[in-house]
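Enquirer: One-letter residues, chain by chain:
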Amino acid sequence: MADIVLETRGLCKRFGPIEVLRGIDLQVRAGERIAIIGGSGSGKSTLLRCLNFMETPSEGEVLLDGVPIGAPRRHRDGRVTTAYSPAALCRVRQRVGMVFQQFNLFPHMTVIENVMEGLRTVKRLPRAEARGKALAQLHRVGLAEKLDAYPARLSGGQQQRVAIARALAMEPEVMLFDEPTSSLDPELVGEVLRSIRTLAEDGTTMLLVTHELGFAFHVATRVIFLADGVFHETGTPDAVLRHPQRERTRAFLASHAEFTF
Amino acid sequence: MRYDWDFGAVLAQAPLLLDGLIGTLRIAAAAIGLGVALGLVLALMRLSPRWLLRWPAAAFVEFYRNTPAIVHFFWFYFAMPVVLDVSLDAFLAATLALATQSAAFYAEVFRGGIRSLGPGQWEAGRALGMTDGQAMRRIILPQAMTRMVAPFLERSFELLKTTSLASTLAYGELLFRATQVNSATFRPLETYTVLAGMYVLLLFLFSSAAGFAERRMTAFR
Chain X
1 MADIVLETRG
11 LCKRFGPIEV
21 LRGIDLQVRA
31 GERIAIIGGS
41 GSGKSTLLRC
51 LNFMETPSEG
61 EVLLDGVPIG
71 APRRHRDGRV
81 TTAYSPAALC
91 RVRQRVGMVF
101 QQFNLFPHMT
111 VIENVMEGLR
121 TVKRLPRAEA
131 RGKALAQLHR
141 VGLAEKLDAY
151 PARLSGGQQQ
161 RVAIARALAM
171 EPEVMLFDEP
181 TSSLDPELVG
191 EVLRSIRTLA
201 EDGTTMLLVT
211 HELGFAFHVA
221 TRVIFLADGV
231 FHETGTPDAV
241 LRHPQRERTR
251 AFLASHAEFT
261 F
Chain V
1 MRYDWDFGAV
11 LAQAPLLLDG
21 LIGTLRIAAA
31 AIGLGVALGL
41 VLALMRLSPR
51 WLLRWPAAAF
61 VEFYRNTPAI
71 VHFFWFYFAM
81 PVVLDVSLDA
91 FLAATLALAT
101 QSAAFYAEVF
111 RGGIRSLGPG
121 QWEAGRALGM
131 TDGQAMRRII
141 LPQAMTRMVA
151 PFLERSFELL
161 KTTSLASTLA
171 YGELLFRATQ
181 VNSATFRPLE
191 TYTVLAGMYV
201 LLLFLFSSAA
211 GFAERRMTAF
221 R
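Line order of the protein sequences matches chains X and V. The UniProt record's numbering puts the first sequence at residues 1 to 261. The UniProt record's numbering puts the second sequence at residues 1 to 221.
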């Protein structure tokens with residue numbers, strides 16, 4: 001059994017009175033590729049965003065390489081919550097990369113500058129070294145000839161591939177993909193999914209929130225169906241997507257299959 | 001009714017007017033530099049999650065927004081020596097009055113520009129492991145600045161024209177020198193026409209340079 005890279009214990013997230021995540025226990029082993037599926041509002045994006053602290057968990061723990069993130073803080077009434085220092089979160093985020101649905105490239109920087117930015121500003125690498133690493137990642141996503149273009153000149157698919165290279169350049173231990181193809185025109189989805197599959201073949205550990213069930217089936221090692229903030233059904237792609245046991249999973253899959261031909 | 005325009009006498013005083021022009025530019029440059037720096041600090045304070053930083057900055061902005069500029073000039077020049085036992089010369093008093101007032105307005109310009117960027121850019125910076133300070137410096141401010149150009153210029157033009165209030169402190173800027181030229185030549189129409197022309201020329205050069213800078217800054221769009 002490979003080592004557990006990322007783990008959550010009893011993870012809860014509330015937005016005001018709304019409970020989005022209700023006690024998530026997740027273990028991610030090195031080299032695993034986990035697809036998280038579920039309806040809108042099921043909490044799948046929130047779960048992903050709690051893993052690199054784009055959202056602060058309301059309760060529970062996140063552990064990276066077995067080490068809990070944050071420090072426990074005991075309140076006067078006896079409750080214990082976790083306090084997260086900004087410096088600790090910066091360290092976590094260097095090790096857990098994220099790709100967003102809306103790409104979020106830096107529009108005032110060229111492609112190569114986007115990919116170099118984390119290496120220069122956060123890791124403080126010399127320019128030549130950062131450039132070398134950035135080039136290698138842009139090669140990986142097949143965009144080595146667009147180095148000096150600004151994001152506004154790229155298609156959505158190209159922008160998302162640059163965003164992937166930007167996250168990869170930091171050499172994270174885990175990659176998080178938050179609906180990476182949901183804001184793309186259908187004909188641009190393929191090029192982004194191919195880039196992600198290349199990473200999968202290289203053994204990159206990843207969690208992927210997606211509506212591309214076919215991609216999840218072919219690329220994921222495990223599929224999690226999230227509903228009402230809990231894991232409703234988990235297992236191999238074959239088990240969850242081909243032979244779902246729970247009624248709700250079947251209904252979800254049926255709604256996705258409604259208009260296939 | 002006919003009026004015989006005669007610019008000769010006024011133009012003979014060109015050295016005095018040029019001296020005034022330099023005085024105006026000195027105050028404007030010092031006040032813009034100081035005002036921008038202070039304005040940036042105020043904007044960051046107003047955007048802070050801590051009320052202890054937010055509240056004083058908001059009070060500062062409200063105070064300056066709701067009082068006329070000439071009051072600030074008089075306060076720095078006449079009240080400071082009495083209240084704080086600090087005497088300022090006319091240049092310093094005018095610069096401070098303009099800089100603090102403009103800082104309040106610049107702060108609102110900066111705050112608006114920074115707020116106009118959605119959460120996605122912050123998140124992209126943080127997701128790479130940046131501190132909020134790094135994200136602000138590398139990601140947010142460079143983009144916010146391109147959106148601030150127009151209101152920033154508007155404010156700076158206003159400031160440049162408000163330097164004329166320094167004449168009330170007998171500081172040798174353009175308007176003060178013009179009144180001197182007027183007393184010497186008894187040609188008010190010509191004097192103030194030349195004065196208006198000098199302001200127009202100065203601000204026109206300013207806006208041309210700014211337009212060039214704006215096009216270069218927004219080349220990525």
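Hints are computed from structural coordinates only; laboratory data are not their basis. We put the beta carbon where it would ideally sit given N, CA and C, even for glycine. Any given hint could be a false lead.
To be verified - A short, non-exhaustive set of chain V residues, derived as facing chain X with CB atoms under 7 Å:
{"#": "1", "residue": "Gly-120"}
{"#": "2", "residue": "Met-130"}
{"#": "3", "residue": "Pro-142"}
To be verified - Chain V residues, not near chain X, derived (Cβ > 10 Å throughout):
{"#": "4", "residue": "Leu-84"}
{"#": "5", "residue": "Ala-124"}
{"#": "6", "residue": "Ala-127"}
{"#": "7", "residue": "Gly-129"}
Enquirer: Beyond 10 Å on every Cβ pair: is that true for V/Ala-127 relative to chain X?
Expert: 4 Å, violated
Enquirer: Taking the shortest Cβ-to-Cβ distance between V/Ala-124 and chain X, state whether it exceeds 10 Å.
Expert: 4 Å, violated
Enquirer: Grab the minimum beta-carbon distance between V/Leu-84 and chain X and tell me whether it stays above 10 Å.
Expert: The assertion about V/Leu-84 holds, with a minimum of 39 Å to chain X.
Enquirer: Interface hint check: V/Met-130, Cβ to nearest Cβ on chain X, cutoff 7 Å. Holds or violated?
Expert: At about 6 Å, which falls below the 7 Å cut-off, the nearest Cβ of chain X leaves the hint on V/Met-130 intact, so it holds.
Enquirer: Is the hint on V/Pro-142 kept, meaning its closest Cβ partner in chain X is under 7 Å away?
Expert: At 5 Å from the nearest chain X Cβ, V/Pro-142 passes the 7 Å test, so the hint holds.
Enquirer: Would the hint on V/Gly-120 stand, with a C-beta cut-off of 7 Å toward chain X?
Expert: 4 Å, holds
Enquirer: Beyond 10 Å from every chain X Cβ: check whether that's true for V/Gly-129.
Expert: For V/Gly-129, whose nearest Cβ neighbour in chain X is about 4 Å away, the distance does not exceed 10 Å, so it is violated.
Consistency note: the structure conflicts with the earlier hints numbered 5, 6, 7.
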